[in-house]
Structures are given as C-alpha cells and as structure tokens.
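Protein chains in written order, with the working numbering: chain A, 1 to 45; chain B, 1001 to 1410.
Hints are computed from structural coordinates only; laboratory data are not their basis.
Take the hints with a grain of salt, since some may be wrong.
What the hints assert, rightly or not - Straight-line Cα separation of at most 25 Å, PhoX-like style, residue types lysine-lysine; simulated pairs:
hint : chain 1 : residue 1 : chain 2 : residue 2
1    : B       : K1312     : B       : K1343
2    : B       : K1361     : B       : K1138
3    : A       : K37       : B       : K1361
4    : B       : K1322     : B       : K1332
5    : B       : K1399     : A       : K37
6    : B       : K1365     : B       : K1300
7    : B       : K1139     : B       : K1274
8    : B       : K1074     : B       : K1158
9    : B       : K1405     : A       : K37
10   : B       : K1171     : B       : K1158
11   : B       : K1106     : A       : K37
12   : B       : K1274     : B       : K1398
13   : B       : K1274     : B       : K1300
14   : B       : K1398     : A       : K34
15   : A       : K34       : B       : K1074
16   : B       : K1139     : B       : K1271
17   : B       : K1139     : B       : K1158
18   : B       : K1398     : B       : K1106
19   : B       : K1332     : B       : K1343
20   : B       : K1322     : B       : K1171
21   : B       : K1405     : B       : K1274
22   : B       : K1271     : A       : K34
23   : B       : K1398     : A       : K37
24   : B       : K1343     : B       : K1300
25   : B       : K1361     : A       : K34
26   : B       : K1332     : B       : K1361
27   : B       : K1347     : B       : K1361
28   : B       : K1343     : A       : K37
Here's the letter readout for the chains.
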Amino acid sequence: MAAFVSTLLPFLITATILVVLMLLTMGIGWVSGKLIKRLLGIGGK
Amino acid sequence: MEIFLPISGVEIMAWKLVLLGFTVGVIGGFFGVGGAFMVTPALNVFGFPMAYAIGTDMAHIAGKSVVATAKHRKYGNVDMRLGVLMIIGTAIGIEGGATAIMWLEKVGRVDYVVRITYMVLLFGLSSYMFYEYYSLTKKTATTSKPVSDAGTSGLALKMQKLHIPPMIHLKVSGFSISVWVILVVSACTGFLAGFLGVGGGFIRMPSLMYVIGCPTRVAVGTDLFEIVITGAYGAFTYALKQRVELIAAAVMLIGAAVGAQFGTLATQYVKGLKIRLYFASTMGLAGVAVIFKHIAGDYKSVYSSALNSWVKDNPAFIEWAKTEGAMLGSVKVQVRDWILMNKDAVKGWLVQQSETFQHAKVMEKMWNDYSGYLMLGAAVGLSILIIMRMMQGVAYEKKLAVQAKVASEE
Chain A
1 MAAFVSTLLP FLITATILVV LMLLTMGIGW VSGKLIKRLL GIGGK
Chain B
1001 MEIFLPISGV EIMAWKLVLL GFTVGVIGGF FGVGGAFMVT PALNVFGFPM
1051 AYAIGTDMAH IAGKSVVATA KHRKYGNVDM RLGVLMIIGT AIGIEGGATA
1101 IMWLEKVGRV DYVVRITYMV LLFGLSSYMF YEYYSLTKKT ATTSKPVSDA
1151 GTSGLALKMQ KLHIPPMIHL KVSGFSISVW VILVVSACTG FLAGFLGVGG
1201 GFIRMPSLMY VIGCPTRVAV GTDLFEIVIT GAYGAFTYAL KQRVELIAAA
1251 VMLIGAAVGA QFGTLATQYV KGLKIRLYFA STMGLAGVAV IFKHIAGDYK
1301 SVYSSALNSW VKDNPAFIEW AKTEGAMLGS VKVQVRDWIL MNKDAVKGWL
1351 VQQSETFQHA KVMEKMWNDY SGYLMLGAAV GLSILIIMRM MQGVAYEKKL
1401 AVQAKVASEE
C-alpha cells in the first residue's frame, strides 16, 4: 500500500498543481477579457 | 522585481517573463500556435537553462491555449469533431517521427537533417503563403472585389471529394470529408512534429487550411484546441521530471492569459487573408532564427566531441548517471543534461582548452543569442502590429455602427 501511494503521489501532486495553474490562468483570462471589452467599448461577438 | 527560480537556480526579472508571456499569448491566440519556437530561444537569452526552458514553456503553452481555445469556441471557431480526430492522428504520427529520429541518431546525421527539414518547411510555407497573399491582393486590385479570405485550395477540394467511408460532416468548417483523410493528414503533421521535436502548431495550422480546407479562423481555433491536449500532456511529463519552473510558468501565464484575449479578439477584426500574411512573416523570421541556430551548431561541433568524452570520463558524471540520471535512459541525454546542470565545471574545462575551442564556444553563444533576440523582437513587433490592427478594426466597426444609427434616424 505504502509503495503504491508513494508511486502515485508525485503524479497526483503534479496533476493538482498543473490544474490549479490552469484554473488560475482561466480566471485571469476571464477577468482580463471582460476588462478589455469594457475598455474598447465592444459588446458581444 | 527579480524572482528566484528554485529548480534551475537562476534569478530573472519578473517583467521580462510577463512581457514574453503577453507577446506570445497575443501571437498564439491570433495564429493558433503554441509559440515554442519563439519562447524557448527567448527564455534562453534571459539566462534560462535550455532543459528548463522547454518544460516551463510547455506549461505556459498549455495554460495560454486553454484561455485562447475557450474564447475561440465562444466565437464558433473550434471544430471539435475535427480536433478530436486530429489528436488521434497526431499521436500516431509523433511516434513515427520519434522512431525516425532514433534511426537517424544511429546513422549519426540527426542534427543536420532535422535543421535542414525545419528550414525547408519554414521557408517553403512562408514563401507559398506570401505568394498566395500577393496573387489574391493583385486579383482584388484588377477585379475591384475585396477578398477577405483565401478560398478553399485545389488540394483541399480534391481531398473533400475523396469519398472513402466513413465520411464525417464538419458542421463548424462547413463541409464533409473522409475520416481517413483527416487521420492521414494529422499523422503526417504529427510525424513532422515528432521528427523536429516541436509542438507542430505551425505545420498543422496551414495543413488545416490548405489540405483539409478549413477557413482561416476555424484552422486557428481547432489547432489551439489540439495544443491544449498536447501541451497539457507535455507539461505533465516535464513537471514529473522536475523540468518545469512553476513560478516562472505562473508569472508568464499572467501575461499570456491577457495576451491570448487580445490575440483571439483580433481574429474577429482582422481579415483571414491578413492573418495568413502575418503568419507567413512569422514563419520567415523563425526560418532565419533556425539559420542562426544552424551556424551556432556548426561552432558547437568544433568542441562538442572533446567535451562529451571529458564528461563521460568524469567521476562526478559517472556517479550521477548511476543515481539521479539513471531515469534519463540514453547516455547522450545524460551527457546533455549533466552539461546543462554543471555549467561551472564545463567552464573550468573550457578554460584549459585551446583557443580554437574557446573561440568556437564564444561564437556559438553569440549566434544562439542572435536567434533568441530575433525571436524576442519578432514576438514584440508582431504583437504590437496585431493589437494595432485590432484597434483599427474596432474603430471601423464603431464608425459603421454610428453611420447605421444616423441612417436609421433619417
């Protein structure tokens, strides 16, 4: 069991860190997208 | 503000990373490419060791592509069916490309063949797209009918006429095509990507336009969707090997997330034909950067075999190869990584060598720097140009809206 966990742990930690990084990026992208549209004075498509 | 990167042990100014992330974010969102051909040499110029530059770049590409793909999907530029099929073909092709590289390594001509193929591809694509742009704009001048995007190429029309079952209707792209055509095309582009050791966005984007027959914007969006998957996989494997500087990737992603918004929005305001013109310019500049790399490689070959022999006999390397370096597989990769991680020891060895070796090392660095500065300059210049064109488009749209309002009131 311990060997299984120690093998799996690096995969899980790496995946979690990357997912958090992606979510943060998406958040920044979403907020900046709204701000850019507001600054340029454009609406939808 | 200077930040310390714990894995590679280098210090770097945060604004440089944000700027690089932003510029490549704009370019990636606009052209539908990952932009590794720009980021990796530029990071190297900033003092980032190459082994960490590639992994960090992968994480940045994956994150940026998520933002750009989400935006392109909103605009209806992502053909999911096509994207999924392309991923399957690409995975098969990459394996084939990697196998070809291993065969070339045995023959001992790998570096030369890869660089020449890279140059031929970049200059070939760039020249064809320039030719297409100028022949279409000439047509516009003679017929006075504005051309906003190139039509479906003759090759793509032939491909779409191949009725080999199963056929698939691509709703977003607006045509039906054989699944086999998509798989073969993506396997070929995947093969080239695996062969050149690159993400391959710059090969896939034109192949989606010229061989499959997608409109420019759909080619950009669909390619980005594929980059999300390949980039995420690459970032994961590099992170497992501790080759991703997470702090640097996070800082770059702040700039990239904003840049990708600008780049994606710009595709709505810049004509498809213009997107192709800017893409051709980028490919041409990347080709020049590869020539610089080629010259650097020639200088490196002067001293590399002597250096490799010294490393292989070095007790510190032998010990490292048995422990930490054991997971790297081939001795060639072990030697390459050890050199990257032990720069001071390599410098000490070089000082004791002949003037010819020392001169070659200086020249190699100089040409590598030229390549990095060229790509950095191109990234900054192109992103400014793209944003300016977008602003012009927005201003023109507003002017039209005002005119329409006045007309309706009258």
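Q.
Given the hinted pair K1312 (chain B) and K1343 (chain B), is their Cα-Cα distance within 25 Å?
A. 15 Å, holds
Q: Assess, step by step, whether the Cα of K1332 (chain B) is no farther than 25 Å from the Cα of K1361 (chain B), and give holds or violated.
A: 20 Å, holds
Q. Given the proposed pairing of K1322 (chain B) with K1171 (chain B), does the C-alpha separation stay at or below 25 Å?
A. 55 Å, violated
Q. Within a Cα-Cα threshold of 25 Å, do K1405 (chain B) and K1274 (chain B) meet the stated pairing?
A. Roughly 29 Å between the alpha carbons, so the hint for K1405 (chain B) and K1274 (chain B) is violated.
Q: Would you check the hint for K1271 (chain B) and K34 (chain A), treating anything up to 25 Å between C-alpha atoms as holding?
A: Distance ~23 Å between K1271 (chain B) and K34 (chain A) Cα, so the pair holds.
Q. Straight-line Cα separation of K1274 (chain B) and K1300 (chain B) no greater than 25 Å?
A. 39 Å, violated
(Q) Run the distance test for K1332 (chain B) versus K1343 (chain B): straight-line Cα separation, threshold 25 Å. (A) 17 Å, holds
(Q) What's the verdict on K1398 (chain B) and K1106 (chain B), does the C-alpha distance respect the 25 Å limit or exceed it? (A) Violated, at roughly 61 Å.
Q: Below or equal to 25 Å on CA atoms is what counts here, so check K1139 (chain B) against K1271 (chain B).
A: The given pair, whose Cα atoms are some 16 Å apart, holds under the 25 Å limit.
Q: Would you check the hint for K1361 (chain B) and K34 (chain A), treating anything up to 25 Å between C-alpha atoms as holding?
A: Violated: K1361 (chain B) and K34 (chain A) sit about 49 Å apart, past 25 Å.
(Q) What's the verdict on K1398 (chain B) and K37 (chain A), does the C-alpha distance respect the 25 Å limit or exceed it? (A) Between K1398 (chain B) and K37 (chain A) the Cα gap is close to 13 Å, so the pair holds against 25 Å.
Q) Is K1171 (chain B) close enough to K1158 (chain B), meaning Cα to Cα at most 25 Å? A) With Cα atoms ~19 Å apart, K1171 (chain B) and K1158 (chain B) stay inside 25 Å; holds.
Comparing the model with each numbered hint stated earlier shows that hints 2, 3, 8, 11, 13, 18, 20, 21, 25 and 28 do not hold.
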